[in-house]
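**Student:** All chains should be modelled from the sequences, with the hints used to inform the complete structure.
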Amino acid sequence: MSIAFQVPDMTCGHCVKTITGAVNEAVPGAVVAVDLPTHRVTISGTDQADKVEAAIRDAGYEPARV
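Residue numbering for the sequence shown follows the UniProt record's numbering, starting at 1 and increasing by one per position.
Be a bit skeptical, because a hint or two may be false.
Claimed, not checked - No farther apart than 20 Å at their CA atoms in a straight line, the calculated lysine to aspartate or glutamate pairs in the DMTMM-like style are these:
{"hint": "1", "residue 1": "LYS17", "residue 2": "ASP58"}
{"hint": "2", "residue 1": "LYS17", "residue 2": "GLU62"}
{"hint": "3", "residue 1": "LYS51", "residue 2": "GLU25"}
Don't read these hints as lab results, they were simulated from the structure.
**Tutor:** Pasting the structure below:
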C-alpha cells in the first residue's frame, strides 16, 4: 500500500526534511520517499492518507493526493 501526493511548494532539501519528519511523527513506521524534481511524496507502510495529508499541511505545505 502506498499513498502519493503532489506538493508543489516543496522546493528544497529543508522542505524534504520537514515533510519527512512530520509524516514520521504522525505515522510512526511509515516510509517516506521524495522525488524533489517532480514535487512528489510517496508514503508506504500505512493506509492513513488523511493523517499523512494533515501532517504535511500542518508542516506548512499544500499536498494534493494523486
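**Student:** Next, verify each hint and record whether it holds.
**Tutor:** Structure-based check of all given hints:
Under the criterion of a C-alpha separation no larger than 20 Å, the hint pairing LYS17 with ASP58 is consistent with the structure, at around 14 Å. Restraint check for LYS17 and GLU62: satisfied, since their Cα atoms lie roughly 16 Å apart, inside the 20 Å limit. Simply put, LYS51 and GLU25 have alpha-carbon atoms about 11 Å apart, close enough for the 20 Å limit, and the pair holds.
In terms of the numbered hints stated before, the structure departs from none.
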